[in-house]
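The sequence shown begins at 1 in the numbering used here and counts up one residue at a time.
Do not rely on the hints blindly, as some may be mistaken.
Have a look at the derived ranges for each label pair, beta carbon to beta carbon [stated by the list, open to error]:
id : residue 1 : residue 2 : range
1  : R114      : D154      : 45 to 51 Å
2  : T283      : R175      : 24 to 30 Å
3  : R157      : L115      : 36 to 42 Å
4  : L179      : L81       : 46 to 52 Å
Hints are computed from structural coordinates only; laboratory data are not their basis. Glycine included, every Cβ here is placed at the ideal spot set by N, Cα and C.
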Amino acid sequence: MSVRELVVLGTASQVPTRHRNHNGYLLRWDGQGLLFDPGEGTQRQMLRAGVAAHDLDRICITHFHGDHSLGLAGVIQRINLDRVPHPVTAHYPASGERFFERLRYATAYRETVRLVQRPVAVDGVLERSKAYVLEAHKLSHPVESFGYRLVEPDSRRMLPERLAERGIGGPDVGRLQRLGELNGVTVDEVSERRPGQRFAFVMDTRLCAAVHTLAEGADMLVIESTFLDEDVRLAEDHGHLTAGQAAEVAARAGVRHLVLTHFSQRYDDPGEFERQARAAGFTGELTIARDLLRVPVPKRR
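Kindly produce the complete structure, drawing on both the sequences and the hints.
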């Protein structure tokens, strides 16, 4: 059975707290696992969340600040210790190549897994497969940072009543789908467009065009909201978003499920992030992330 869900491994920003680990997010997408921004302590959080090294197929680093990447060394060594049988691909800003190399070889260990390094230098498509297209777009932060967007190709949903009207059933349905036309009947006549799902991951950034591009039409948007709205000047100065800004982006983009995360340790009331997001006009499904939470991707439209 296919599973599409977000497993939250950590939700703190620069400084972890007693209740919030540094960043870490696993997207389960059917049979694949995409790990985003493994901060310090990610390997232990994976254990607590029931995530195995074998679940990882791809690692995506937005930028090389410690709360988003210091756990990379442990994760890489763990996939080698557990002898993950498939290649693992790593994406990260090309400008941080030296940091990736330092983390990859921070200590001695035996390499048993093929780790494919695919650094990101410009906006565009990183991977194109039958399951999804993975894109990256440059954000606005004091160090180079990229957001990621996963887009499932559109498909067709067969309509039983139209198939019955045209006398198509049983094995002929599969033949029609494969061939596109059967006995003068086209797939378009007996089906409707089924939009592919979209997932977006936006971490450290101030407002910029790329934030809106990444969020557009997302079924799930995971986005930083480091500050509350009263600290908007701090957010701008340090290259971050407020809860209200993130929610406004989501509302304009038509996001179905908004996940706010990456909270500053200065705040002790998570409910205030929800109140400010709602005040900003977001009316869709809203989650204020907490460590070890599992959030299902909304069902296909």
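Each hint, compared with the structure:
| no. | hint | verdict |
| --- | --- | --- |
| 1 | R114 with D154: 45 to 51 Å | 32 Å, violated |
| 2 | T283 with R175: 24 to 30 Å | 44 Å, violated |
| 3 | R157 with L115: 36 to 42 Å | 38 Å, holds |
| 4 | L179 with L81: 46 to 52 Å | 48 Å, holds |
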